[in-house]
Amino acid sequence: MTTTDASARALQLNDQGQLRHFLTIDGLDRELLTRILDTADSFIEVGERRIKKVPLLRGCTVVNLFFESSTRTRSTFELAAKRLSADVLNLDISTSATSKGESLSDTLLNLEAMASDMFVVRHSRSGAPHFIAQSVTPGVAIINAGDGRHAHPTQAMLDMLTIRQHKGGFEGLKVAIVGDILHSRVARSQIQALNVLGAEEVRLIAPSTLLPTDVESLGCTVAYDMRSGLKDIDVIIMLRLQRERMEGALLPSEREFYKVYGLNTEKLAYAKPDAIVMHPGPINRGVEIESAVADGPRSVILNQVTNGIAIRMAVMSMAMGGQRAQRGQDAEGQA
Amino acid sequence: MTALLNVDALLDDLEQGLRRLLRERGIEQPVLIGIRTGGVWLADILHKRLGLDEPFGELDISFYRDDFSRIGLNPKVRPSHLPFETEDRHIILVDDVIMSGRTIRAAMNEIFDYGRPAGIILATLIDLGARELPIQPDVVGQTLTLKANERVKLKGPDPLSVELRQADATPAKGA
Chain U
1 MTTTDASARA LQLNDQGQLR HFLTIDGLDR ELLTRILDTA DSFIEVGERR IKKVPLLRGC
61 TVVNLFFESS TRTRSTFELA AKRLSADVLN LDISTSATSK GESLSDTLLN LEAMASDMFV
121 VRHSRSGAPH FIAQSVTPGV AIINAGDGRH AHPTQAMLDM LTIRQHKGGF EGLKVAIVGD
181 ILHSRVARSQ IQALNVLGAE EVRLIAPSTL LPTDVESLGC TVAYDMRSGL KDIDVIIMLR
241 LQRERMEGAL LPSEREFYKV YGLNTEKLAY AKPDAIVMHP GPINRGVEIE SAVADGPRSV
301 ILNQVTNGIA IRMAVMSMAM GGQRAQRGQD AEGQA
Chain X
1001 MTALLNVDAL LDDLEQGLRR LLRERGIEQP VLIGIRTGGV WLADILHKRL GLDEPFGELD
1061 ISFYRDDFSR IGLNPKVRPS HLPFETEDRH IILVDDVIMS GRTIRAAMNE IFDYGRPAGI
1121 ILATLIDLGA RELPIQPDVV GQTLTLKANE RVKLKGPDPL SVELRQADAT PAKGA
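Read top to bottom, the protein sequences are chains U and X.
Per our numbering: the first sequence = residues 1 to 335.
Per our numbering: the second sequence = residues 1001 to 1175.
Honestly, the hints are just simulated from the structure, not real lab data.
Check the hints yourself; a few may be wrong.
Unchecked claim - Below are the EDC-like pairs computed for lysine to aspartate or glutamate, each with C-alpha atoms no more than 20 Å apart in a straight line:
{"hint": "1", "chain 1": "U", "residue 1": "53", "chain 2": "X", "residue 2": "1127"}
{"hint": "2", "chain 1": "X", "residue 1": "1076", "chain 2": "U", "residue 2": "200"}
{"hint": "3", "chain 1": "U", "residue 1": "272", "chain 2": "U", "residue 2": "295"}
{"hint": "4", "chain 1": "X", "residue 1": "1076", "chain 2": "U", "residue 2": "38"}
{"hint": "5", "chain 1": "U", "residue 1": "52", "chain 2": "X", "residue 2": "1085"}
{"hint": "6", "chain 1": "U", "residue 1": "174", "chain 2": "U", "residue 2": "106"}
{"hint": "7", "chain 1": "U", "residue 1": "53", "chain 2": "X", "residue 2": "1085"}
{"hint": "8", "chain 1": "U", "residue 1": "52", "chain 2": "U", "residue 2": "78"}
{"hint": "9", "chain 1": "U", "residue 1": "174", "chain 2": "U", "residue 2": "200"}
{"hint": "10", "chain 1": "U", "residue 1": "174", "chain 2": "U", "residue 2": "254"}
{"hint": "11", "chain 1": "U", "residue 1": "53", "chain 2": "X", "residue 2": "1087"}
{"hint": "12", "chain 1": "X", "residue 1": "1076", "chain 2": "U", "residue 2": "45"}
The model shown is predicted, which means the values in this text are computed figures rather than measured ones.
Please construct the entire structure, taking both the sequences and the accompanying hints into account.
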């Protein structure tokens, strides 16, 4: 993973330090992450206009390349691309050519032949978007929409935007991430983003069987129960229990998990009185979160969805801009 | 760098020019929109001088620029803010300097995404000529012709001053 992340860093930025792919939070500095959040703020305003569209990606073709199914992420990427005036192609690969034996490289060559400018990639294999970014034609931007257990950087950034809106910033902030950390690419990206943006503490709350082995190196503290875990917490991020990724007996039962780690009104009271509750969705009501909390006044779960469009508009336009600026400079260098 | 012009005197001219134009066209309740950054400073002052009731708007044209495909997205983009309906309203659009006309084209495209205005009047503090698009201001404080290596910039917001400087090697951006 470390070599992958080191080369991802170099891949993500152009010669002027502008974003040109968005693969992982790892290696991006506070200034760039803040710029993504600020740019997204401007796109939120666009979303409130009568015409919710700007001409930035006019003439660009964006391909949503989903090797793993998704509703929310894919539809917000699609809406984001359309609000940037791009043409959008949605490909659900799990039902398409790869099931007929076509390799990933061949699929990409065919899509590039259609003069695509950007691929938004979701894949069950960690590192797949990174692989594509390395092999794709220069000038084509790759956005990671979630790869394996590795990263889901746009989800992390929309969460950061939601936190900044409700808490004003990250200084002094204590954030708890609760549940299935082990299988969560969302948690990995959130932890990196919170640390880069200067949160005071990122606390993971989970049974040891659902924590990764390298948990200390991630820059977090750990708690094994909700009462001590939620003490002084400003932001609670609940994760979905990823039943489809569970192998072996990591949990005694879902009911047992809900009893200990499920967020209900009673446990919410352990956190600060103004703590907000977040969830990347889709939520399992009664498995990790009680309906009264998910739909309650402290929940910002639907804000997260709205912010997802603005964040994806920001990342897509910045990456496309970085590619174009690089192309312009390369052409100048040759002249 | 040298202070070049008396900004107060130019603002007097802009105010009078605007009053005359509004009178001639029978426009009674215009709304003001300034283009960031210099245009917003000027809109703030003109808003007070013209005694308009409604707050003025601030436009950030970064998402509408025509050089995105050359230089990428402006890293300092901030939300535009138009605190009124633009539909069927008479708009006074204010910027500090007009040169190529590309900024104004971008601004008009953005304004139309909020609604269809009854009309737009363009007021700029300085007109440098060198137009690349068929766009002309209705009211101008001062027309200047610069040498190839000279640039002007409005400094502000308090106090406002216009500065003339010798350009470095980097080519000028269209204003």
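Hint by hint, here is what the structure shows:
1. Taking the CA atoms of residue 53 of chain U and residue 1127 of chain X, the gap is near 31 Å; set against the 20 Å cutoff, the hint is violated.
2. A distance of roughly 27 Å separates the Cα atoms of residue 1076 of chain X and residue 200 of chain U; the hinted pair therefore is violated under the 20 Å criterion.
3. For the hint pairing residue 272 of chain U with residue 295 of chain U, the CA-to-CA distance comes to about 18 Å; that is within 20 Å, so the pair holds.
4. At roughly 8 Å between alpha-carbon atoms, residue 1076 of chain X and residue 38 of chain U fall within 20 Å of each other, so this suggested pair holds.
5. Distance hint between residue 52 of chain U and residue 1085 of chain X is fulfilled; the C-alpha atoms sit about 15 Å from each other, no more than 20 Å.
6. Of the supplied pair hints, the one linking residue 174 of chain U and residue 106 of chain U is violated, its CA atoms being roughly 46 Å apart against a limit of 20 Å.
7. Proposed proximity of residue 53 of chain U and residue 1085 of chain X is supported: the alpha carbons are some 17 Å apart, at most 20 Å.
8. Between the alpha carbons of residue 52 of chain U and residue 78 of chain U the distance comes to roughly 14 Å, so the proposed pair stays at or under 20 Å and holds.
9. Annotation: proposed proximity of residue 174 of chain U to residue 200 of chain U holds, straight-line Cα distance about 6 Å (limit 20 Å).
10. Restraint check for residue 174 of chain U and residue 254 of chain U: not satisfied, since their Cα atoms lie roughly 27 Å apart, outside the 20 Å limit.
11. The straight-line distance between the Cα atoms of residue 53 of chain U and residue 1087 of chain X is roughly 17 Å, inside the 20 Å bound, and the hint therefore holds.
12. Pair hint residue 1076 of chain X plus residue 45 of chain U holds up; C-alpha atoms about 15 Å apart against a cutoff of 20 Å.
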